[in-house]
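Chemist: Here is how the chains run, residue by residue.
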Amino acid sequence: DSGVTQTPKHLITATGQRVTLRCSPRSGDLSVYWYQQSLDQGLQFLIQYYNGEERAKGNILERFSAQQFPDLHSELNLSSLELGDSALYFCASSPRQGRIYGYTFGSGTRLTVV
Amino acid sequence: DQQVKQNSPSLSVQEGRISILNCDYTNSMFDYFLWYKKYPAEGPTFLISISSIKDKNEDGRFTVFLNKSAKHLSLHIVPSQPGDSAVYFCAASEPMTTDSWGKLQFGAGTQVVVTP
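These protein sequences, in sequence, are chains S and L.
If you're matching positions, the first sequence starts at 448 in my numbering and goes up one per residue.
If you're matching positions, the second sequence starts at 2 in my numbering and goes up one per residue.
Incorrect hints may have been included.
Derived BS3-like pairs (lysine-lysine); straight-line CA-CA distance at most 27 Å [as the list claims (entries may be wrong)]:
no.: 1; chain 1: L; residue 1: 72; chain 2: L; residue 2: 6
no.: 2; chain 1: L; residue 1: 57; chain 2: S; residue 2: 456
no.: 3; chain 1: L; residue 1: 57; chain 2: S; residue 2: 504
no.: 4; chain 1: L; residue 1: 72; chain 2: L; residue 2: 57
no.: 5; chain 1: L; residue 1: 57; chain 2: L; residue 2: 6
no.: 6; chain 1: S; residue 1: 456; chain 2: S; residue 2: 504
Keep in mind that the hints were calculated from the coordinates and are not lab data.
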């Protein structure tokens, strides 16, 4: 157990639907990051939050949004889902200098859009 | 624009031999580099990192080498063990700024298979 909890582990939904992925960071970590891993692709950075505020944005689609709540858990909302959104979605957390000591990743949510 | 590239999708190595994984990057602003290891059905786990002010960092069986002029880093695993069979991701970060906030950019990964 890495200390980062992602729910659900698996999600199957239809095109056009909306889903919410949830992440609870490791205790004490203020930064949360979301990454997408599609088939044969690396981890694509989506978005980062630090202590409730958005800090960096990657190639996140306009149909996707995220937030970090006062208790530091984060949610990634995916709407108007398309087949190409099928992927593994990872959440990671870190202390402020996570780039030095590494992020702690959750085990991911596998999203399948049918 | 993929700024971190791992051009070898897979590597097969015999147990006891050396595994060498390569990674190239294009962004000269990167100043921290990390390697992550990922088993199936698990998230990536941090393995080893190196600052751009160094050219080598060692941790047990794992050594990372950085060649800044070539924008290239490599991970050496000696000796390779069956438990090392996993996907290895190279990652890089720019300095902490208001824009980048030190986010990590990852390569596509290299699948390592260690055979008996």
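Chemist: Each of the hints needs a verdict: does it hold here or not?
Modeler: We went through each hint and held it up to the structure:
Proximity of residue 72 (chain L) to residue 6 (chain L) is assessed by CA-CA distance (about 11 Å); at most 27 Å being required, the pair is judged to hold. Restraint check: the Cα-Cα separation between residue 57 (chain L) and residue 456 (chain S) comes to about 38 Å, which exceeds 27 Å; the hinted pair is violated. A hinted pair counts as satisfied when its Cα atoms are at most 27 Å apart, and residue 57 (chain L) with residue 504 (chain S) does not qualify at roughly 31 Å. A threshold of 27 Å between alpha carbons decides the hint, and for residue 72 (chain L) with residue 57 (chain L) the separation of about 14 Å falls inside it, so the pair holds.
Note on residue 57 (chain L) and residue 6 (chain L): the hinted pairing holds, with a Cα-Cα distance of about 20 Å set against a maximum of 27 Å. Restraint check: the Cα-Cα separation between residue 456 (chain S) and residue 504 (chain S) comes to about 24 Å, which is no more than 27 Å; the hinted pair holds.
Checked against the numbered hints listed earlier, the structure breaks hints 2, 3; every other hint is satisfied.
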